[in-house]
Structures are given as structure tokens and as C-alpha cells.
Amino acid sequence: MLSLLVKGYFLVSLLAFLVYLKAFLQDSSSSKMDYRSWLVAGLAALFWPIVLPLSCLERWVKRTQAQSYATSNLDTVMLSQYSFSYSLSNSPMAEVAETDI
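Per the working numbering, the sequence shown runs over residues 10 to 110.
Since the hints were made in silico from the structure, they are not lab data.
Treat the numbers as computed from the prediction; the structure is a model and nothing was measured.
Any given hint could be a false lead.
Unchecked claim - Per label pair, the in silico range of CB-to-CB distance:
id, residue 1, residue 2, range
1, Q74, L11, 37 to 45 Å
2, K31, T73, 34 to 42 Å
3, S38, L63, 20 to 28 Å
4, V15, S37, 31 to 39 Å
By construction, the Cβ of each residue, glycine as well, lies at the ideal position given by its N, Cα and C atoms.
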């Protein structure tokens with residue numbers, strides 16, 4: 010049983026390292042010759058039970074913040090349109106036009 014858990018842990022570590030390696034190689038801002046960059050990728054792969062959930066949580070928070078901003082921005086636009094149309098219907102000019110008839 011323990012052997013199966015260890016094999017599973019290292020299998021997921023290998024998969025995590027491959028994902029991190031792909032992202033690392035595509036990143037143009039990091040130095041590929043610096044050993045510290047490779048050390049961070051290796052440590053991230055070894056500590057995937059900590060790194061992976063935190064990374065998913067960070068992405069989820071950013072996505073919900075973006076959705077929240079879009080929703081609040083839409084509410085502001087709709088509220089301003091409503092108040093503008095309300096102010097036009099209750100303008101003094103509208104009352105003058107009705108009394109002239």
C-alpha cells in the first residue's frame with residue numbers, strides 16, 4: 010500500500026514538473042541558464058501537494074475578481090442609464106410641454 014502511494018506521489022510529481030517545465034521554457038523573462046530557476050521548478054514539482062492547490066486557488070480568486078469587476082461595472086452602467094432616463098422624464102421641460110397642449 011505504501012509503495013503504491015509513493016509511486017503515485019512521484020508520478021504526479023513528474024507530471025507537475027513537466028507542466029512547470031513547459032511553462033518555464035515558454036516564459037521569456039526567466040533565465041534558462043540560472044540554476045535557481047531550475048531549483049524553483051524542481052522544488053515546485055516536489056512540493057506539488059502544497060503548490061498545486063495554492064496555484065489553483067490563486068487562479069480562482071483572480072477569475073472571480075475579474076467577474077466581480079465586470080458585474081459591478083455593468084451594474085454601474087445600467088444604473089447610470091436608468092437615472093439618466095428618469096431625469097429626462099422628470100425634467101421641467103417635459104412638464105412645460107404637457108401644459109402647452
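Hint check results:
1. At roughly 41 Å, the beta-carbon separation of Q74 and L11 lies within the given 37 to 45 Å, and the hint holds.
2. K31 and T73 have their C-beta atoms about 26 Å apart, which leaves the hinted 34 to 42 Å range violated.
3. Between S38 and L63 the Cβ separation comes to about 21 Å, which falls inside the hinted range of 20 to 28 Å.
4. A beta carbon spacing of about 36 Å between V15 and S37 agrees with the range 31 to 39 Å that was offered as a hint.
Of the numbered hints listed earlier, the single one contradicted by the structure is hint 2.
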